[in-house]
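A.B. asks: Each chain, written out:
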Amino acid sequence: MPIIEIENLSFAYESQVVLENINLQVEEKDFLAIIGPNGGGKSTLLKLILGINEYKEGTIKVLGNAPKKSLRHIGYVPQNTNVNTDFPIKVIEVVMMGHVDGKRPLFGYGKDEILCASGALAQVGMEDFAQTKIGSLSGGQRQRVMIARALCAHPRILILDEPTSSIDITGQREVYELLKELNKHITIIVVSHDISVILEYANKAAHVNKTLSYHDISDKKSTFHQHGNNEHFCEIELLQMLGSDNCDTCEDISPKWSLKP
Amino acid sequence: MMEPLLDALQFEFMQHALLAGILVSFASGIIGSLIVVNRMVFLAGGIAHTSYGGIGLAVYFGLPIFLGASLFAVGAALLIAALTLKKRHRMDTFIGLIWAVGMAIGVIFVDLTPGYNVDLMSYLFGSILAVSTQDLYFMAGLLLLIITVVTLRYRDILAVSYDSEYAGLRGVNVRFFYTLILILSALTVVVAIKVVGLILVIAMLTIPVYIAEKLSSSLLSMMFLSGTIATLFTLVGLWFSYVYDLTSGASIIMVSAVSLGVFLLFTHKKI
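Keeping their order, the protein sequence lines are chains A and B.
The opening residue of the first sequence carries number 1 in this note's numbering; numbering runs sequentially from there.
The opening residue of the second sequence carries number 1 in this note's numbering; numbering runs sequentially from there.
By construction, these hints were calculated from the structure, which means they are not laboratory data.
For clarity, every value in this text was computed on a predicted model and none was experimentally measured.
Built from N, CA and C at the ideal position, the CB exists for glycine as well.
Each hint can be trusted.
Derived contacts from chain B toward chain A, CB cut-off under 8 Å, selection only:
#1 158
#2 159
#3 162
#4 170
#5 213
#6 216
#7 217
#8 218
#9 222
All chains, please: the whole structure from these sequences, using the hints.
C.D. replies: Structure representation (structure tokens):
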């Protein structure tokens, strides 16, 4: 049984159609990359899967249920974790926000919750920063904390919206290596712009620009040629292939991605 | 210089002023922290000015001022909550509207009240030397309510303030806690009007909080520190106003502002 199943989904903000006739199946332990131009509907699709936005046409099933009923099995890492960095809050407190209701003490946090949060921090290699103020971390470290927060509820699916958009190259690698490790037990869905990096880690790719075209790229090493010794794939080739099925605007939009020679 | 102050403490109105100063400072330190981290400063300003409408209505209908102002301010808070939860990007427009309309209602009802000219200035700039015993009960009750709510629902309030979308995904009732923060803000603004007046309320809710934010690593310590700093400013401001015969509300705000300046001067290298 697929872990996420989307059939004939359409979504519009007031009169503007954002997503049209989307079909997608995500299997257990997939590493799915969702790519596409800005405003193409990637984040909207995530919000539909998370039940933040309500859809009228089509169906979404997460673990066989409506999205809102399966929330406790989904870990979510939102975009822009660099906002609100002045907020006086310790790393451990941020991570503990990931807990889902359950039993609570009258004041503060339970021992089991603190243990669980520390465990999640250890999982992302940030256990030494538990008592640090969140604002004093680097972008990459903060992203790891947000992943720990998502892991706190022991999710079966981890969804990340542009997890590396505001961190440096080394930080990006670290985040993806971490995701690769987590992928051994958890299904991962990542929305991203850095397609060449993400495709090294993903086994499936969905290109979203109002409509969705879907590709199994698990044997990508044989599908795409590589440039010299560089691990990067040729992005132009990727874009052409991923967007070609039913996307006719990609040529206009592709310059938005950084093209490496 | 301390002697005249000690003499002054024998007067009941001065004892009331000190007590009111401490109670209101702690309330505004805690709620001011929530207002600042939730980026609701402009909103609190709107509620402060709107509550003048409640003062006007209370004068006209012969109700206790605190009651009229509180009901009106809470009504405005509920209205703003309902409007802004739906259309957050239009928030500033709604606040601006409610801000002006509330004041206008207040001015008109004071005009309509026969034979009684309420001292508008005392509401604009505070009248801490005219705090009644009843006022003190109201202030103490509010502080108790705030401390109870914040203690029992700290993690929900923290979650909603830090990242409301995520809090919603984890099953926290964001709408409820957002409205709750607004209602507590409205009530705090009303009692702070007594101390510094509705024009100066914003400074009282933000200056101590700004200093505390830089020195705190958790929301809880920020609230406590803000309350302490606000109390200090209020007491020193009161002392200035008594010794040099100045308006108390304005003195408190000036003490706060100068302290903030000194604080920034000594810490700017670190920030």
